[in-house]
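**Student:** So the sequences go chain by chain: A and B. For the first sequence, the positions run 1 to 162 when the numbering used here is used. For the second sequence, the positions run 1001 to 1504 when the numbering used here is used.
Among the clues, some could well be false.
[Stated by the list, open to error] Computed list of chain B residues with no C-beta within reach of chain A, every gap over 10 Å: (1) 1202; (2) 1412; (3) 1493.
[Stated by the list, open to error] In silico negatives: residues of chain A with every beta carbon more than 10 Å from chain B: (4) 102; (5) 106; (6) 139; (7) 144.
[What the hints assert, rightly or not] Selected chain B positions facing chain A (Cβ under 10 Å, derived; list incomplete): (8) 1165; (9) 1172; (10) 1182; (11) 1224; (12) 1399; (13) 1411; (14) 1458.
In short, the hints are calculated from the structure, not lab data. Remember, it's a predicted structure, so these values are computed and weren't measured experimentally. No residue lacks a Cβ here, since even glycine has one placed at the ideal position from N, Cα and C.
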Amino acid sequence: MKGRLDFQVVPALATLLVAAYALYSSLYWPLRTALFPRAIAIPLFLLALIETVLCLIGSEKVREGHAVDFELTTDVDPLIAQRRTLAIGTWIVGFFGMILLAGFPLAVPIFVFAYLKLAGREGWLLTTVLTATSWLFMEGLFNRLLHIPFAEGWIFSLFGAT
Amino acid sequence: MLEALIGGLLAVLQWKAFSFMLIGVAVGFWVGLLPGIGGLTSLALMLPFIYDMTPVEAFAFLLGMHSVTATTGDITSILFGVPGEGSAAATVLDGHAMAKKGEAGRALGAALMSSLLGAIIGALALALSIPIMRPLVLTFGAPEMFMLAILGIAFISSLSGQGGRAAMRGFIAGLLGLFLALVGLDPQAAIERFTFGQLYLWDGVALVPLIVGLFAFPEIIDLAVRGTSIAGELPPGKLSAGVWEGVKDTFRYFWLTVRCSLAGTIIGFIPGLGGSVAQWIAYGHAAQSARDADERSRFGTGDVRGVLGPGAANNSKEGGSLIPTVAFGIPGSAAMAILLGAFLIQGLRPGLDMLDKNLTLTFSMVWTMVIANIITVAISLLFLNQLAKLTLVRGSILIPFILFLAFIGAYTEHNHAGDLITLLSSGLIGYLMVRCGWPRAPLVLGFVLGNIAETSFYISTTRYGFSWLSRPAVVVLGAAILMVILQPLIATFRKRIRMREAAT
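With the rest of the complex left out, here is chain A (with noise of 0.2 Å):
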């Protein structure tokens, strides 16, 4: 509980943060410009405060500020659970990079192919099928059909440029 309460400061100080440059910036603007953004950055930087120092202090001895929203699974043990995010984590940033690699028509096909085969370790079949099945997808509805114009990987940019 410890160490999920000291990670609530995490939030609390970046929202902090973000009103403190809000206020800041809105020095520089002329008053119809900077009006309603004080508006909203003054409350936000008192609220972030309180909560920030009431993170700080621990006055959260059981977790009260329970939010009407989705949570995230407690079943699995902590240690597993952490290592399983930063590896999400990373095929989430991986794929982004490869986005801007190699475009997304060849890293759509490439990433479900990769997930599916180390991530999932599922058999060289369904792995297969699934990769066509992303590819069409990719090219039938949004490339085709919706014309969704796909910017070029940098790596054929580089290859163009030379």
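Place chain B on chain A using the hints.
**Tutor:** Here is chain B on its own, set in the frame of chain A:
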């Protein structure tokens, strides 16, 4: 009015709109069934697909999808004791207990039929509210619209958690949403605000990547952490026996179902309360309807009335929450806040236009909710046994496809790498918020209402100076905002006093 009502029906029945609605129903059907993916997430994921659609097609697609997730969410609640949707949790109590007693079919029949009845009553409430709302909206000027926007955010913020501390986090999230809406060029003087010199941010933070990231990423991460099939490792059973008995139960307890539907509609109408509250109030009312203590003790052990109440309220609340969304631009729930994003994408302004110029579109929403639910219930009744198998799809198979949809959905907003960075950033914010128990709905609402709030605020101060603060409707709304903000603090204070008294 009658012309618009018929026009709305004909618009939904046009082949293209109807096809989009069927696609939406199909998506919502699966989403509701699978506990790993929420209705909110899917609504956010599907938002980018509406760019090329007409308004009728877009809302047939989105509302068709959204209005059936609660219906099919009940199926998973009953079968596995795992709510397919957050708003289907109350159905677990008696529905799953009935399933364990071998009455799964009866429970499912009751849940599906009461859901249909609830959806029809909710849609009827929306249709009937239009003539009442129109003159009311006409009396509202910029100052009142500003106060309404703030009231909406205050409502969702204060009700998005239990206790004063949770309410405070709700307010912070709401203000953070308003702050994010400030990013870009100032609409009055075209001065850059929080753009860091990036041309991409001149138009503001992109709506779709923000919503997709906030809602999809935490659920994807959780699915990966669980590492199981989507419904855990529970085996499906034979379901179809007793379905018609459950259908008959709905009519056996007809007035109870109607009362719970009306309760759901009213709760849906109040911004911020939503499905999670509606189901429990309906469940409480169903339990209260027991004649004596002995009958009441059967609730929780498999009483069909415990399924009928939440089932009806879950669906009727959708019609109710559409009323303030359409009439005032104040979303009745988090899902409606996302739907409000669809209004912006389609270039529509909620309010008088929706009750006058676009009345046919508003009625098409009513018809979509009714038709989508009829189709869903019919399909569910036909394919109950096969449906159960869907919940055994492995998370590892779903994750790459959800991620693919999330990234491509975000990218379609501006076809710019900035959309993907916004997606990743908002995903991180969403995960942090969920992990630390901060509600995400107020942030979305603040973001969506930010522009309306600022414009109304600007018009009010330019036109009336600060005298707009003394307008009667503004004073009433201001008092309501104060009450909404102070209520959780007072409740916490009272609770502490009571606890202190009990201790001494």
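**Student:** State for each hint whether it applies.
**Tutor:** These are the hints, each one checked on the structure:
no. : hint : result
1   : 1202 : 14 Å, holds
2   : 1412 : 6 Å, violated
3   : 1493 : 13 Å, holds
4   : 102  : 13 Å, holds
5   : 106  : 13 Å, holds
6   : 139  : 12 Å, holds
7   : 144  : 14 Å, holds
8   : 1165 : 4 Å, holds
9   : 1172 : 5 Å, holds
10  : 1182 : 5 Å, holds
11  : 1224 : 4 Å, holds
12  : 1399 : 7 Å, holds
13  : 1411 : 7 Å, holds
14  : 1458 : 7 Å, holds
Taken one by one, the earlier hints fail for this structure only at number 2.
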